[in-house]
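K.L.:
Please construct the entire structure, taking both the sequences and the accompanying hints into account.
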Amino acid sequence: MRTRSWRVITPLGLAVIVALVWFLPLAGQQQARPAQSASAFPAYKAPRLDGHPDLNGVWEAFVTANIDLEDHEAQSGPYPQMLGAYGGWPAGQGVVEGGTIPYKPEALAKKRQNVANRMKVDVSNDKAWHALGDPEMKCYMPGLPRATYMPFPFQIVQGSSPYILMAYEFATATRTIRMDWKQEAPTDTWMGWSRGRWEGDTLVIDVTGQREETWFDRAGNYHSDMLHVVERFTPVSPYHMTYEATIEDPKVFTRPWKISFPLYRRMEKNVQLLEYKCVPFTEEMLYGKFKKGAS
Amino acid sequence: MSHRSRFSAILAAFAAAVVIPSAFVLAQSASPAAPKPAPGASKPAPAAAKAAPAAKATRAWVAKKTPWGDPDLQGVWNDATSTPLQRPAGKGETVSGNEANLFEEQLANDLSRDRRDGGPEVDVNRAYNEHWMDARRLKITNDRRTSLIVDPPDGRLPPTVPISAERQKIRAERQAAGARFQAGMPNIATEMSLPIRCIIRTDSPPYLPTIYNNDFQIFQSPGFVVIGPEMIHSARIIPLDGRPHLGPNLKQWLGDTRGHFEGNTLVIETTNFRNDDTVYQGANPETYKITERFTRVADDSINYEFTIEDPTTWTKPWTAVVPWNKIDPKEQMYEYMCHEDNFDIVHLLTGARAREKNPSLNLTKPQTQR
Chain W
11 MRTRSWRVIT
21 PLGLAVIVAL
31 VWFLPLAGQQ
41 QARPAQSASA
51 FPAYKAPRLD
61 GHPDLNGVWE
71 AFVTANIDLE
81 DHEAQSGPYP
91 QMLGAYGGWP
101 AGQGVVEGGT
111 IPYKPEALAK
121 KRQNVANRMK
131 VDVSNDKAWH
141 ALGDPEMKCY
151 MPGLPRATYM
161 PFPFQIVQGS
171 SPYILMAYEF
181 ATATRTIRMD
191 WKQEAPTDTW
201 MGWSRGRWEG
211 DTLVIDVTGQ
221 REETWFDRAG
231 NYHSDMLHVV
241 ERFTPVSPYH
251 MTYEATIEDP
261 KVFTRPWKIS
271 FPLYRRMEKN
281 VQLLEYKCVP
291 FTEEMLYGKF
301 KKGAS
Chain A
78 MSHRSRFSAI
88 LAAFAAAVVI
98 PSAFVLAQSA
108 SPAAPKPAPG
118 ASKPAPAAAK
128 AAPAAKATRA
138 WVAKKTPWGD
148 PDLQGVWNDA
158 TSTPLQRPAG
168 KGETVSGNEA
178 NLFEEQLAND
188 LSRDRRDGGP
198 EVDVNRAYNE
208 HWMDARRLKI
218 TNDRRTSLIV
228 DPPDGRLPPT
238 VPISAERQKI
248 RAERQAAGAR
258 FQAGMPNIAT
268 EMSLPIRCII
278 RTDSPPYLPT
288 IYNNDFQIFQ
298 SPGFVVIGPE
308 MIHSARIIPL
318 DGRPHLGPNL
328 KQWLGDTRGH
338 FEGNTLVIET
348 TNFRNDDTVY
358 QGANPETYKI
368 TERFTRVADD
378 SINYEFTIED
388 PTTWTKPWTA
398 VVPWNKIDPK
408 EQMYEYMCHE
418 DNFDIVHLLT
428 GARAREKNPS
438 LNLTKPQTQR
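For the record, the sequence lines run as chains W and A. Residues in the first sequence are numbered from 11 upward in steps of one, following my numbering. Residues in the second sequence are numbered from 78 upward in steps of one, following my numbering.
Hints are computed from structural coordinates only; laboratory data are not their basis. Virtual Cβ for every residue (Gly too), placed ideally from N, Cα, C. Incorrect hints may have been included.
[Said to hold, decoys possible] Each pair of labels, with its calculated beta carbon distance range:
{"hint": "1", "chain 1": "A", "residue 1": "His424", "chain 2": "W", "residue 2": "Ala101", "range": "39 to 47 Å"}
{"hint": "2", "chain 1": "W", "residue 1": "Gly98", "chain 2": "A", "residue 2": "Pro325", "range": "26 to 34 Å"}
{"hint": "3", "chain 1": "W", "residue 1": "Ala126", "chain 2": "A", "residue 2": "Ala253", "range": "40 to 48 Å"}
{"hint": "4", "chain 1": "A", "residue 1": "His424", "chain 2": "W", "residue 2": "Gln193", "range": "32 to 40 Å"}
{"hint": "5", "chain 1": "W", "residue 1": "Asn135", "chain 2": "A", "residue 2": "Pro236", "range": "48 to 56 Å"}
{"hint": "6", "chain 1": "W", "residue 1": "Ser234", "chain 2": "A", "residue 2": "Glu250", "range": "43 to 51 Å"}
[Stated by the list, open to error] Residues on chain W that point at chain A, a partial pick, calculated with CB under 7 Å:
{"hint": "7", "residue": "Asp60"}
{"hint": "8", "residue": "Asp136"}
{"hint": "9", "residue": "Tyr150"}
{"hint": "10", "residue": "Gln168"}
{"hint": "11", "residue": "Ser171"}
{"hint": "12", "residue": "Ala177"}
{"hint": "13", "residue": "Val289"}
{"hint": "14", "residue": "Phe300"}
{"hint": "15", "residue": "Lys301"}
{"hint": "16", "residue": "Lys302"}
P.N.:
Here it is in structure tokens:
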């Protein structure tokens with residue numbers, strides 16, 4: 011087989027193949043070395059829409075950051091005696107630059123407490139309503155940056171108005187990005203107050219005014235009402251973007267820290283966000299003890 | 078536009094079901110004769126033309142286009158009006174300006190939170206309600222229609238058809254749950270309405286005005302129109318590329334919407350509704366079809382027209398037209414959280430459990446009278 015193939019190849023063709031065999035892996039190696047960065051791909055200029063890079067599409071992160079932003083081993087997940095491998099959580103490499111979130115010592119204790127309480131809820135007292143439990147488990151809007159790395163797709167809807175919509179499948183959360191907007195957050199909200207601007211091909215979003223009750227992941231990583239997130243969406247190819255978020259919160263962290271990972275365009279011809287209205291999945295857990303005959 | 082942390086759907090239902098029709102009846106005696114309807118208003122079809130605020134506005138308006146050539150509907154719109162869905166008995170198609178003014182005054186008075194004629198407890202309730210009221214809710218449509226329904230021409234829902242035994246059973250169960258709710262005795266969260274449970278509120282079509290937060294932000298991108306209703310922060314993403322609907326076994330609370338432009342009108346059609354009290358007035362999702370048309374008729378106005386067909390619920394299709402008005406650009410649409418702080422659902426359930434133990438706590442009148 012092989013001999014026959016060689017025989018029919020012209021000298022010129024052979025030269026090309028040899029060149030490819032020799033140089034492609036080398037070129038690949040050289041470019042692939044900074045594996046996390048945009049430089050692995052040839053310089054890319056996104057198509058324009060109304061003069062700006064066109065980020066429209068359905069996107070999804072394929073990282074396990076929602077389980078833990080830092081390195082984590084595979085875990086059984088909750089109630090393995092009931093759920094078996096259905097409930098398992100995969101291992102994952104962290105997305106935090108430098109590997110570790112720079113907690114203040116007292117804040118690290120709170121994070122550990124969050125982990126211990128992540129599956130507990132008690133809504134019998136309005137004032138302590140949010141004291142326990144991972145908001146994800148309660149189907150609360152995830153806030154930023156968590157919404158971006160939930161294991162669900164989200165859609166960017168960018169037109170010619172000063173508003174860009176990001177619609178997330180999880181909990182049908184949405185946020186409006188106000189472009190070149192001056193006004194500060196009028197009040198705290200679950201998805202925060204997003205103000206955007208273009209820096210070259212990068213959409214930079216400044217997020218403030220987030221409710222302090224959101225978490226970053228199931229590992230109890232959290233923040234205070236001082237959270238300030240700056241996100242950067244940079245198209246790298248027609249099919250993916252890099253996402254970076256710088257997280258600042260002087261009450262909880264010793265310094266600003268950064269996460270980054272790629273976002274991939276969902277390519278299915280019929281792709282669309284489907285409903286994930288998870289409220290009904292939580293009602294027995296949250297309100298079951300108040301139903302007739304429960305106590 | 079109020080940012081909500083606690084809601085009063087009870088009051089909304091009260092206003093929609095009780096106050097508005099009665100206010101109309103009160104206003105009725107004030108004006109003996111309705112004047113000639115606004116130009117175009119007496120023509121039976123097309124319905125969209127009927128609801129144009131004024132003929133000159135329609136003529137002068139040159140439809141804006143997006144950079145990619147679609148009619149431009151982007152912006153934050155509000156569909157509040159006091160014009161009821163159905164025409165009150167004895168009313169003409171429209172009312173005179175004078176009668177409209179009287180109606181609005183009467184409605185404002187009925188809903189007024191500052192009348193000081195009901196004693197301290199009533200005053201406090203009214204003050205609470207005042208906080209949530211959307212003042213736009215007091216205005217009847219610019220064309221002074223007496224019903225949002227434009228077809229059938231009598232402005233009323235068509236007669237219903239007999240429904241199956243199975244649907245009768247479901248309705249009876251829902252009515253019983255509703256009665257328990259009104260008596261302050263709900264059994265369990267899942268028997269309460271979808272809005273109380275924070276699953277859907279004004280985001281499921283048809284879009285009809287309610288007591289507050291009647292805002293919708295329209296976003297557009299090449300190939301998509303997205304309607305973002307304020308309640309509950311869901312995005313109704315409408316592909317315009319002619320793709321087929323979701324498969325028949327994939328149902329959603331908001332259904333599955335596909336759209337296209339006919340001239341300057343966005344025409345959208347929605348199927349795949351879930352079978353749990355999602356479609357309008359307990360219609361049958363298996364046979365229910367809703368078609369909605371959005372036509373921008375002025376810089377600050379969209380005609381929203383919808384037609385509902387369901388041969389196993391109504392004898393014929395019916396159509397309503399609701400004007401959408403652009404809100405002041407200085408105002409914004411803010412996040413409407415609901416489930417995250419749904420304290421009420423716990424209060425309602427713990428109240429019921431307390432009444433079970435101590436019947437002296439039973440309500441003397443239904444919760445809707447609050």
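K.L.:
Quick check: which numbered hints come out false for this structure?
P.N.:
none
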